[in-house]
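J.: Read off the chains here:
There are 4 protein chains.
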Amino acid sequence: MSFENRVRSSFGQQGLMITLGASLESVSSGSVEIVLVPRAEVSQQHGFVHAGAVCAIADSAAGYAALTLMPAEAGVLTAELKINLMAPAIGDRIVARGRVVKAGRTLTVAQTDVFAETGGQSKLIALLTATLVTVAGRENVRD
Amino acid sequence: MSFENRVRSSFGQQGLMITLGASLESVSSGSVEIVLVPRAEVSQQHGFVHAGAVCAIADSAAGYAALTLMPAEAGVLTAELKINLMAPAIGDRIVARGRVVKAGRTLTVAQTDVFAETGGQSKLIALLTATLVTVAGRENVRD
Amino acid sequence: MSFENRVRSSFGQQGLMITLGASLESVSSGSVEIVLVPRAEVSQQHGFVHAGAVCAIADSAAGYAALTLMPAEAGVLTAELKINLMAPAIGDRIVARGRVVKAGRTLTVAQTDVFAETGGQSKLIALLTATLVTVAGRENVRD
Amino acid sequence: MSFENRVRSSFGQQGLMITLGASLESVSSGSVEIVLVPRAEVSQQHGFVHAGAVCAIADSAAGYAALTLMPAEAGVLTAELKINLMAPAIGDRIVARGRVVKAGRTLTVAQTDVFAETGGQSKLIALLTATLVTVAGRENVRD
Chain A
1 MSFENRVRSS FGQQGLMITL GASLESVSSG SVEIVLVPRA EVSQQHGFVH AGAVCAIADS
61 AAGYAALTLM PAEAGVLTAE LKINLMAPAI GDRIVARGRV VKAGRTLTVA QTDVFAETGG
121 QSKLIALLTA TLVTVAGREN VRD
Chain B
1 MSFENRVRSS FGQQGLMITL GASLESVSSG SVEIVLVPRA EVSQQHGFVH AGAVCAIADS
61 AAGYAALTLM PAEAGVLTAE LKINLMAPAI GDRIVARGRV VKAGRTLTVA QTDVFAETGG
121 QSKLIALLTA TLVTVAGREN VRD
Chain C
1 MSFENRVRSS FGQQGLMITL GASLESVSSG SVEIVLVPRA EVSQQHGFVH AGAVCAIADS
61 AAGYAALTLM PAEAGVLTAE LKINLMAPAI GDRIVARGRV VKAGRTLTVA QTDVFAETGG
121 QSKLIALLTA TLVTVAGREN VRD
Chain D
1 MSFENRVRSS FGQQGLMITL GASLESVSSG SVEIVLVPRA EVSQQHGFVH AGAVCAIADS
61 AAGYAALTLM PAEAGVLTAE LKINLMAPAI GDRIVARGRV VKAGRTLTVA QTDVFAETGG
121 QSKLIALLTA TLVTVAGREN VRD
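Those sequence lines, one after another, are chains A, B, C and D. Quick note: the first sequence uses my numbering, first residue 1, plus one each step. Quick note: the second sequence uses my numbering, first residue 1, plus one each step. Quick note: the third sequence uses my numbering, first residue 1, plus one each step. Quick note: the fourth sequence uses my numbering, first residue 1, plus one each step.
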């Protein structure tokens, strides 16, 4: 299975992405893009997209960017993540672009830039760094 | 309005919490508890609750814990958060307990312990630290 | 070798701790305390202890707390750390109290509370969370 | 005073930088470079540069990058920082390149890439993200 099919197949099993209405925009070696369209169902109390929803697509983008470089049969888990929310998540689309910074045997570091697109304009609104774990030999954690 | 009503009213406007099926369990001065029942709609690909959903309830718990100590008319926003995911989020209930560590005039630091409860047993599965901003004088950011 | 001797022996080889003037106050199973006395040589530009120096003792306290629970022959490395600096690091002594939150086979999560002590009063000034790696089978990384 | 002189003057008052033997390599609008030469006095127990020392120069680089964009009379403080240590800090020189990601009125987000240079080769070994605070009107916090 190509890494793109592998990521698309795993993404399709993330119930949360479907619930949020997020879509997998692009997959290439070491980078993945996920898009979320703002709507009331993913908002916080002021009408912005909730930090948790921004975090969710940014984490999935980082994790799947890492997965593109992992050996077959392995699975990916997030050990930790940190996100800075620099501007309100509002606009036509929220776009999370994850890329691998350092791929190791056990630990991979990835970053996701999150942009808000409004009328053709793009603005960096959040920045996530995550540590992903390559899980091997566990039946129930495989991607 | 009491701080409890203030938090309950704001929580009720978080579309994402309703979408996730999260509920506000308890509110006291400087601490807030939010509960999420695992189901396919909030899962990642291995059937665990998605890191983004854990992050969402942990962030809301931290943010509302901070809000209980903020002046009337202010609003709360998350500047940044960091979460360590220490064990799979599975079980009967996922419980996020946020508490204020340091309340400042502009910045508040709060932590959320996230537990997985299964058959009466409780296990610490995640640990979040967040920096919250007290927003004053902005019409559209008020809680 | 007892875990206390193991930590004391490793700490004695941390050139930076000697340079900073930090001392290993106490070692018990899963927790370690390190003390730094503020002075010009460890300051930032306003006369407070530099965030980097606070970070250094907080990281060592977290790492050695983790080491107390690691198998013989293993070594400890920090994969990542995050620290919130909540008040200026000034006073008679800066005390970093590290404790293990979750010890895993490969990854350990530890937290360090950092206090400033002034005339018998103690104030929480910083909060660190770190992910430590248990390194096995590497000659040059052994503690 | 030009922003370069402002940064150089403040850096000269950071006792810790002198103690570590760190030097201010370059200052431009929104970015600052600090260099540290590895030696026993800044090491951890395996002979690598201590995470705390890497953190110290990375934090100063981020903070001073932020300061170049702050109004005169203001001072800069670090609210929080997070660093991923991806490879051992060894080599001829450790170079921390800080740059502003988002400058706000109160909060600035900056990132520092840390490289290890060995025989003309450069390797990314650490990645720091920090939230800096613009402090106004406090006599003792001015840069």
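Check before you lean on any hint, since a few could be wrong.
Just so you know, same-sequence chains aren't split out, so a pair can sit in one copy or run between any two.
Quick list of in silico lysine to aspartate or glutamate cross-link-like pairs, DMTMM-like style, CA-CA up to 25 Å [to be verified]:
id, residue 1, residue 2
1, K102, E41
2, K123, E73
3, K123, E4
4, K102, D113
5, K123, D113
6, K102, D92
7, K123, E41
8, K102, E117
Calculated from the structure, these hints are not laboratory results.
J.: Evaluate each hint against the coordinates.
T.: Quick rundown of the hints versus the structure:
1. K102 x E41: For K102 and E41, the Cα distance exceeds 25 Å both inside one copy (35 Å) and across copies (28 Å).
2. K123 x E73: neither (37 Å within a copy, 29 Å between copies)
3. K123 x E4: For K123 and E4, the Cα distance exceeds 25 Å both inside one copy (27 Å) and across copies (29 Å).
4. K102 x D113: The answer is both: 16 Å in one copy and 12 Å across copies each meet 25 Å.
5. K123 x D113: Both: 10 Å inside a copy, 22 Å across copies.
6. K102 x D92: between (32 Å within a copy, 21 Å between copies)
7. K123 x E41: within (22 Å within a copy, 30 Å between copies)
8. K102 x E117: between (28 Å within a copy, 17 Å between copies)
Violated hints for the displayed structure, listed by number in ascending order: 1, 2, 3.
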